[in-house]
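Following the hints, complete the assembly by docking chain B onto the known chain A.
2 protein chains.
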Amino acid sequence: MSFIIDWKEDRNLTLLVDFYELTMANGFLKSGVGNKIAYFDLYFRKVPDNGGFCVFAGLQQLIEYLKNLKFSSQDIEYLRSKNMFDEEFISYLENFNFTCDVWSVNEGTPVFPNEPLVVVKGPIMQAQFIETMLLLTINHQTLIATKTNRIVRAAKGRSVMEFGSRRAQGYDGAIFGARAAYIGGCTSTACTIAEKLFGVPAVGTMAHSWVQLFDTELEAFRAWVKAYPENSLLLVDTYNVLKSGIPNAIKVFKEELAPLGIRPKGIRIDSGDITYLTEKARIMLDEAGFEDCKILVSNSLDEYIIRDVLSQGAKIDSFGVGERLITSKSAPVLGGVYKLVAVEEDGSIIPKIKISENPEKITTPGFKQVYRLFDKYTHKAIADLITFNDEIIDDSKPLEIFDPIYTWKRKRLDNYYAKKLLNPIFESGKCVYTSPSVKEIREYSQNEVSNLWDEVLRFDFPHKYYVDLSSNIWEMKYSLLRKHNLKYR
Amino acid sequence: MSFIIDWKEDRNLTLLVDFYELTMANGFLKSGVGNKIAYFDLYFRKVPDNGGFCVFAGLQQLIEYLKNLKFSSQDIEYLRSKNMFDEEFISYLENFNFTCDVWSVNEGTPVFPNEPLVVVKGPIMQAQFIETMLLLTINHQTLIATKTNRIVRAAKGRSVMEFGSRRAQGYDGAIFGARAAYIGGCTSTACTIAEKLFGVPAVGTMAHSWVQLFDTELEAFRAWVKAYPENSLLLVDTYNVLKSGIPNAIKVFKEELAPLGIRPKGIRIDSGDITYLTEKARIMLDEAGFEDCKILVSNSLDEYIIRDVLSQGAKIDSFGVGERLITSKSAPVLGGVYKLVAVEEDGSIIPKIKISENPEKITTPGFKQVYRLFDKYTHKAIADLITFNDEIIDDSKPLEIFDPIYTWKRKRLDNYYAKKLLNPIFESGKCVYTSPSVKEIREYSQNEVSNLWDEVLRFDFPHKYYVDLSSNIWEMKYSLLRKHNLKYR
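These protein sequence lines map, in sequence, to chains A and B.
Here this note's numbering is used: position 225 in the first sequence is 253, and no number is missing along the way.
Here this note's numbering is used: position 92 in the second sequence is 120, and no number is missing along the way.
One chain only, chain A, in its complex shape:
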């Protein structure tokens, strides 16, 4: 059961926008180019944690933002008070009507550096204005879904619960972070509102304060199982795990639950050496006849610690992961960018490039599509190919792909099939897409990730997945680069 509501309806984030989007929009209008049709690509350049891929997330919130985009009378009053904007522009905003086309990758899709994930086509004033919210929404949720996916893979089938709200970066960091974590593979969250809003299962039992409030740990445990006989997960590390917590838990399981014929749920350990304590705990529980009693651990976990303790033989059934997941602590930024790639002049699309002293900051111009190429027999993903939007990949014929930098590195594909990654989301400002539920997105994502080669899934030094340019795109980009280089060399 879930009470999914449209979070945007009662919340006006229109002015959550970099101020330069406003000065530019006003300037475009003033310069007579406000309605020039422009094309923008949203993409990132680097996978956080030097991982092999990201898990794309945030599209549903992006759609809700764009659907509800309007300027309140308070917004207008504020803008007018800045004494920087023309009345023509203010009146444009008062009657704002979103008319762009938007394409996007599906949420949950594994994605790679330098491929467009969201493409926007529309009047420059509008397409530019939405930059901040597009980036903020996609950067955040994709970051957290990506980190979570690493942590979940480290747990090797054990459940991972998202426990990070209190250390998140702001309220939405917690709320949409819990959503993204579920998409990335968590089984549940401690963040209650994420169940109310999105249907992410919310779970939780007790904190140390429960144990402290009672005169003794034994009394505290007894009170708990009396209140929740079916939900007896006891936190055993308030005083001493092995000498107090677990013996008291076992005593209460035997004295309070056994007579009711109820099996205990589990114990949680939140401090100390996880490997040592869980191995001892398992033995103690088993000897007491509670082989089915689960051991849950928390305390500053991430994919590296989980991998380590499991390889040491720690006896753990599930992980509660907090701050290192909800902030993607070891790599807390996804550097998505949103770049102008083309403009329309007299009905034709003119590719636009941005040069930089840093070669990785040079853009790939043009109005584009992304194809994912799969092996016909293994269904594993082989490569992504960036083409012009109207290029057609005929997968009945062999295809030669090549590295866009080391162009001598070429590969001929025979038994493959191609899938378009960018789907229409808005057409002339009208939403033409329905978001799946987070549960569906989560399942889709797990399936798509399973189509990647193990080499790409590695945490450290993964194999670099191919993201290639079609010959047409490559030639256009190269000729623009040559032209600019000749000018400034």
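If you're looking for bench data, these hints aren't it; they were derived computationally from the structure.
Being a predicted model, the structure only gives us computed values, none of them experimental.
No copy is singled out in the list; a pair is fine if it fits within one copy or between any two copies.
In silico lysine-lysine, PhoX-like type, Cα no more than 20 Å apart, as pairs:
#1 K74 with K492
#2 K357 with K74
#3 K404 with K425
#4 K279 with K515
#5 K408 with K492
#6 K505 with K515
#7 K467 with K110
Just chain B now, with coordinates in the frame of chain A:
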């Protein structure tokens, strides 16, 4: 001018709560201890980035949350659907009435590990319930104010603008992050809504897309200064800074602004080697007669890069700092905790301790106050002293303070005065405190930080500021520790 609104009024975050706060609250009620009076401390154990102190922030939002705390009919419906909570508890929530006392440090105050920053006294059901939002609010804003303060100090008087919205962790990460950044010392933000909501000055000019949209960079610059002659800050790195951007900027300044008698505002460089490019840029601008034209830089800056480029002689007037500030990238978590420290039994306050295998996780029990001790002549802060709430520091008499771990390290203070850090915020659920404006908080903070010794301000290996316990607190804690150790050794 600002349009400060109460962000909480149209936004229900009541269920932004760890699920265990709800199971515990219901359990407390069921166990007959729901209205037992409990005392909680909020504090952190470690300064991010191994810095010397944090800048406390977020109190205003905490107050707004507590003032508006209620359960909507939708919240109630959701909770009922979980089939875990008693009707008595649900009815308690339906008629929820916050009755706790709350004390807090003022926003902007430099604060240190292991001292209570927020103290809550009230019925355990309520005092426990608010844990998640208290921590989330204070952890986030304190983290960002702290990071910003480091960056601003590195800039040595040059202005620092907050540019990070697009890479923030969610919408509130951007919005409240901009607020915290201003408290920490930024002069302005790109986040427009932060001006509307809090009065943080919003600024911005152009992105690369402005330059790309026009046929040439020269045309783009000309269109800009025609639209904004008084606000001519030009982004000069779209094609080539020294061969195209700056020469074109100078040309436009001369041809478009000089005839109007207007001086140019500045240029912005967002890529390449900052030291090299700004030194060259300064010479070119000076030679063209634009000595007053400012140079603004951005591109993945933080306190370390700013310190480095300034020490190399880079010619920079102001910094735009994005992702590394708004996520506190190098240390993206403040690990604030909220711990039960006492309960009332028959009218007297019983201190409660939490033991841990990790000694730094052991709590300091008791209902407490924090005094900051200042030198009477230099007005520099000497130490903080944690006392029982009713202890009085008579600063007309000498005072001996001592390290709570290395107790032989003692210091006698003669010429000092003591200030209480914890002030009443709520009394029996009623707010008794009015938040200053962010501008006032920012000024207060700068003054308080200037009262710290330089040794504490150092970025790396700062001197550890003394946070000591009064003899009374120390003796009570030590005796509880001994008692527990005897039990489990």
